[in-house]
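With the hints in hand, could you dock these two chains into one complex?
Here the protein sequences come in this chain order: S and W. Using this note's numbering, the first residue of the first sequence is number 95, and each one after it goes up by one. Using this note's numbering, the first residue of the second sequence is number 2, and each one after it goes up by one.
Please note that a few of the clues may not be correct.
[As the list claims (entries may be wrong)] DEER-style ranges, computed between Cβ atoms:
| id | chain 1 | residue 1 | chain 2 | residue 2 | range |
| --- | --- | --- | --- | --- | --- |
| 1 | S | Q115 | W | V273 | 47 to 55 Å |
| 2 | S | D126 | W | P274 | 29 to 37 Å |
| 3 | W | L622 | S | P142 | 45 to 53 Å |
| 4 | W | G102 | S | Q115 | 50 to 58 Å |
Because the hints were derived from the structure by calculation, they are not lab data. Ideal Cβ placement from N, Cα and C applies to all residues, glycine included.
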Amino acid sequence: MGSEMKTVKDNSTDLRLSHVQLDQEVELVSIDLPDNQAEPLFERGFLPGCRICPVRSSPSGDPIVDVDGSQMALRRETADCLCVKALRDLKGK
Amino acid sequence: MSPTDETEHLGQVLESSEDVPLIALAGAPNSGKTTLFNRLTGLRQKVANYPGVTVEKHIGELRSDDQVLADLVDLPGIHGFAARTLDEKVTKDVLEGRVDGIKKPDAVVIVIDSTRLENQLMLVEQVLELNLPALLVLNMADELKGRGGSVNANALSEKLGIEVIWTNGRTGEGTGAIIEYVARLKDNDSVPSEVSGEIKTSINSQKLPVLESFSKRKEVVKEAVSDAEFIPPEPSAVSGFLDSLVLHKIWGPMIFFAVVVFVFQSIFTWAVPLMDGIELLIETSGIWMSEILPDNWLKSLLVDGIWAGVGSVVVFLPQILILFLFIGILEDSGYMARAAVIADRVMYRIGLQGKAFLPLLSGYACAVPAILSARTIEDDRDRMATIFVTPFMTCSARLPVYVLLIAAFIPNEPFMGTFLNKRAGVLILLYALGVAAAIMTAFILKRTLLKAEPSTFLMELPPYRLPSLQSLGLRLLDRGKIFLLRVGKIIFTVTIVLWILTQFPRTELGPPEIEQSALGQIGHVIEPVIEPLGFDWRIGIGLITSLAAREVIVGTLGTIYGMESADEESLDLQSALQESVSFPAAIGLLVFFAFALQCMATVATVKRETGGWKWASFQFLYMLALGYFGALLAFNVF
Numbered sequence: 095m096g097s098e099m100k101t102v103k104d105n106s107t108d109l110r111l112s113h114v115q116l117d118q119e120v121e122l123v124s125i126d127l128p129d130n131q132a133e134p135l136f137e138r139g140f141l142p143g144c145r146i147c148p149v150r151s152s153p154s155g156d157p158i159v160d161v162d163g164s165q166m167a168l169r170r171e172t173a174d175c176l177c178v179k180a181l182r183d184l185k186g187k
Numbered sequence: 002m003s004p005t006d007e008t009e010h011l012g013q014v015l016e017s018s019e020d021v022p023l024i025a026l027a028g029a030p031n032s033g034k035t036t037l038f039n040r041l042t043g044l045r046q047k048v049a050n051y052p053g054v055t056v057e058k059h060i061g062e063l064r065s066d067d068q069v070l071a072d073l074v075d076l077p078g079i080h081g082f083a084a085r086t087l088d089e090k091v092t093k094d095v096l097e098g099r100v101d102g103i104k105k106p107d108a109v110v111i112v113i114d115s116t117r118l119e120n121q122l123m124l125v126e127q128v129l130e131l132n133l134p135a136l137l138v139l140n141m142a143d144e145l146k147g148r149g150g151s152v153n154a155n156a157l158s159e160k161l162g163i164e165v166i167w168t169n170g171r172t173g174e175g176t177g178a179i180i181e182y183v184a185r186l187k188d189n190d191s192v193p194s195e196v197s198g199e200i201k202t203s204i205n206s207q208k209l210p211v212l213e214s215f216s217k218r219k220e221v222v223k224e225a226v227s228d229a230e231f232i233p234p235e236p237s238a239v240s241g242f243l244d245s246l247v248l249h250k251i252w253g254p255m256i257f258f259a260v261v262v263f264v265f266q267s268i269f270t271w272a273v274p275l276m277d278g279i280e281l282l283i284e285t286s287g288i289w290m291s292e293i294l295p296d297n298w299l300k301s302l303l304v305d306g307i308w309a310g311v312g313s314v315v316v317f318l319p320q321i322l323i324l325f326l327f328i329g330i331l332e333d334s335g336y337m338a339r340a341a342v343i344a345d346r347v348m349y350r351i352g353l354q355g356k357a358f359l360p361l362l363s364g365y366a367c368a369v370p371a372i373l374s375a376r377t378i379e380d381d382r383d384r385m386a387t388i389f390v391t392p393f394m395t396c397s398a399r400l401p402v403y404v405l406l407i408a409a410f411i412p413n414e415p416f417m418g419t420f421l422n423k424r425a426g427v428l429i430l431l432y433a434l435g436v437a438a439a440i441m442t443a444f445i446l447k448r449t450l451l452k453a454e455p456s457t458f459l460m461e462l463p464p465y466r467l468p469s470l471q472s473l474g475l476r477l478l479d480r481g482k483i484f485l486l487r488v489g490k491i492i493f494t495v496t497i498v499l500w501i502l503t504q505f506p507r508t509e510l511g512p513p514e515i516e517q518s519a520l521g522q523i524g525h526v527i528e529p530v531i532e533p534l535g536f537d538w539r540i541g542i543g544l545i546t547s548l549a550a551r552e553v554i555v556g557t558l559g560t561i562y563g564m565e566s567a568d569e570e571s572l573d574l575q576s577a578l579q580e581s582v583s584f585p586a587a588i589g590l591l592v593f594f595a596f597a598l599q600c601m602a603t604v605a606t607v608k609r610e611t612g613g614w615k616w617a618s619f620q621f622l623y624m625l626a627l628g629y630f631g632a633l634l635a636f637n638v639f
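Isolated chain W, as found in the complex (with noise of 0.2 Å):
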């Protein structure tokens, strides 16, 4: 497959060609090699998950005067390769050329914070074990010099045996030189590919006891470290300042508190325009559509269907894209890790760890965003444990469908003479019944599926940076891409058949009438199944209806009921629902709500984020169990 094949290619499994040499980038976390491989590849990259797991894969092109020298494959940022993460244990598999799909790299360019120097040289050393040709790139060249620190490059070349180059990341010094050395690597010429003695010796030393073969290496880092007359930078004053506040007892948690509500509130409240400017584009282009072609099915597959399939896609891309903007900025300048520090002791006892806060708050306005977030979580059993429970976070979604039938059937009274209202209890309730659910099977699922040994939390906290712009656009570029593209193609596929189901059995003047469709046949014959909570088969047509997004239900109910336009808001819509259904069943309703995964767009999500449908559809079921003997429950105990 030539590198041209490869842009039709999106949606297949990412093979790197053959014809090209394929360099791997490997480096610890913040160490800007990401922002490096960004600029080395540019927009000609291509993103995939390894398979079946929540690990992504991103394959990029180098190019230089519009030939591709070499394809270039980003690796996880690791510390080392004990294994204990799948991002270890995968890019440790990349190397030794035991993945499919990815032949073995013909180089490994090793990316390293000059300014954590000592510290890093560790996971040079274990790389360098694997025997590859390497290029050691210190990063990060202007920081270690503004604080006082300097390296002999030379001196250090020589003792690694492998060439070093310097880079500024942010700048964008130093890539010539990487693709200088890739070039040569292409034209087979003068790359050394043996790595010094010393390494040589610490390679056999991978057969001793754990302790003892770290403490080889160390030896290694500490002589190499001495011989190139490394000088470690002066410790951040700004750093030093900023922590002072961020993990102040008081402030800390109140800073904290205060970045969490904005991100929060920019998701929740600021997106809000744009996504309602993104559905008056959909609904007008949509009608100006209608207008301008013939009336027949057509048109309505056309406008009914897959245009407002596709606009219930793109109405995603504003939260997300805010909400990887914000991750993008709390990452990149270093704010994030002490978060997870603040977060941890509360993570830490219901079963997961301190990254696991931004997923489940971000989980209050959105799942979708939400789950794509976990990626941030480094060992991938908290990951999919976090991404397990998001979705139980009382998203916006489901606030529609509560209004609706809080206002139908609770009263708008004082609640025990006190000054909650018993609507507003009710309410916060229903929050409290996610928080509990999601609480509960954290804890179950780190007790069984995802039992993990007791690891060790460890957070590193890099310096303070300032993110670069252009990492962080690049960053969005590819976060949207991948939405549109992956989870994008699975809410499309799910609304366009649901269309379908409206559409049939037609009747000679056109569609049917809801109720003779193909979907309410579909309500009538799960009628008996959701018989014991008090559904009848036109709560049936919802339940299947709000597949596709929870408050899909309000207008299917609407429609149902003969109703132009019902929201939630609609009192004719209140009085029909008191009619027609029971207040235990109502309650039951909730609760299903409440528990029930009725959104195609996050199982859409979590399959692409967990590599397969395995853990998509444990976890529908698992909540569609939950849903329902919790609103059988609900039916029966009201």
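So here's chain S without its partners, still in its complex pose (with noise of 0.2 Å):
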């Protein structure tokens, strides 16, 4: 387990939330949803720019990630529709 991300280009826009491994911080770039789907994220503190870091999986497979200090659970879908990047001074590893 390197820093390496499971995206195949190079530049990690195309980066999904869902693929994103536990324990590892991105930076939310977009939000693929329409406004009124969306709203609720950005209310929630799902901004451009925010940290994002999945902590753990709930037993079925769906994400529960750390937002500025709140830790939310989210359906795979929606983790889907986030799109994120690496930072580059990962934790450890």
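Encoded structure:
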């Protein structure tokens, strides 16, 4: 497990939150959802530039992430719509 | 209307009085806001629904030294004003003074969990944009400190332009400062009513596209957090550890299952002695009253009508209180959020969401407390859909009916030589029928009437906390009161009406035989309608009395067939049925009871929870239709 992300391309705008490994902090780039569905996410702190870190997976495989000190559970489908990018300085590893 | 008048007007729409200020209490869920509200108002609070919706309005009096300082309205916990949910919309409407019967609040007290300061300041921002005088309450001070966090409240206050105070909701520290703020407000004394410049700029951001307005707010929050030298608390090690178990791939569902079974058992089994106790109490006091009163129609009204009516309401209390005790513990401790996450995948597939698991499972004991528990679901459409399908869950009142009919009509033999008994098999099928109807109905509802834009499921997992006893106690008192007064009234009325129908027309000897009574007449009148189902007027009477409660049909049929006190196990009653009801009709009757909403208590609860008769009547008619056609089908197929 290195600091490599599973993306193919070099510019990691194609990285989706659902593919980020546990304990790896990423930065939100954009949300691939219409406004009305994105708004609840904005409200809870999911804004471009914020730091997100997957903390664990639920029994059904949905991610639980840390955002600004709060833990949130999302559906996989929602996490698929969050475009993130890896941070250069990752924890440990 | 002066504050003292309000205490008599429990049944009416709650209005805020004119002569004292109205303070709104706003904040995120799980911020300890309601605990604070309970502390500030004690038992002097009243609850109603905002007209036509499932959102509750809590208004209480804030007193100091026996003087009423203000009316406090506890708004639903929200995350913002996106108005995706009814809770958010109602909160915004109240704060903007657009709700009938509630004047625009004179000030808003915003309660946030200081351990999640950065996150919750976003909400604070949005509230401040509404330009009301505001007080920011940093709750959970002890926890913040305990986990190594800190923030400079004064700097924060300067930055935001409003007063900021600390509280510890658990111990009550800091509530004095809130009271003092309100006192000053009342005297119109030096309360800042101008929010700071930065917030004012972000007020204009409301006109920006959504993302930009939020980004702007975020900037202000970040500045505030940095100016106030906020040090976030260390992640709670305990919470992390507990989550590794509770959300574990294997342990998680097992713990969930154990919790569910435990809650269910307590309503289904442990409430029984309490319920029996209540019934015994009602019965013995009824007999006592019978003996000391002269023998006339008034006595009958008092004992068989009114007193029995009261009993039929009070008997629900143990189940409701037990369920709400558990809900309180699960919610306040933080476990509920995790349970909702575990249940979500399954619930999602049937068109509902995570938190629906609680009402649906509780419905196996009794729909009344189950529907009341649906209020934990934040999204109003999901809430409505859940309330709508919960009565399909095979409640314990259906069992006596099932048992009676199955014992009378299904032979006690093994099914096709397997270990499964035919009787058990039919029972299981009936349970499955209920589940199938629920799933199908939820599915259809979410695609038609309750169709919503796909919503984003976001469950915040608050840190685990120990529930406060005072909060739990007050909540139970609250729920019990609401049930008794609101739902109870309707159940009681129906019981009385039914009783009256059995009392007239009177003969010289007193009340008529059931066949000659008004109720009997109605049975005859509806006979043509139920004939295609293979039912006769006797069953017809039973269907009407079972509107009060499903299991009543057993006693009614016993009376009609001339038995003294028959229950579902009475062989005499079973044989009487075998002779007058055909096998296909019996199956039809089973199907009818599986589907139809033969329970006024449930209808009354739905009416209360949905803020009106519209949905309750629709649900009743829908289930009646399903029951009718299901029985019709069964009668013709078998």
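- Satisfaction of the hinted span 50 to 58 Å by the C-beta atoms belonging to G102/W and Q115/S: holds (53 Å)
- Item | C-beta pair D126/S, P274/W: status relative to the range 29 to 37 Å that was hinted | Roughly 56 Å apart at Cβ, these two residues miss the hinted range, so it is violated.
- Lying within 47 to 55 Å: is that true of the beta-carbon distance Q115/S to V273/W? 50 Å Cβ-Cβ, so the 47 to 55 Å window holds.
- L622/W versus P142/S beta-carbon gap, inside 45 to 53 Å or not: Holds: the Cβ-Cβ distance is about 50 Å, inside 45 to 53 Å.
Against the hints set out earlier in the document, a violation occurs for number 2 only.
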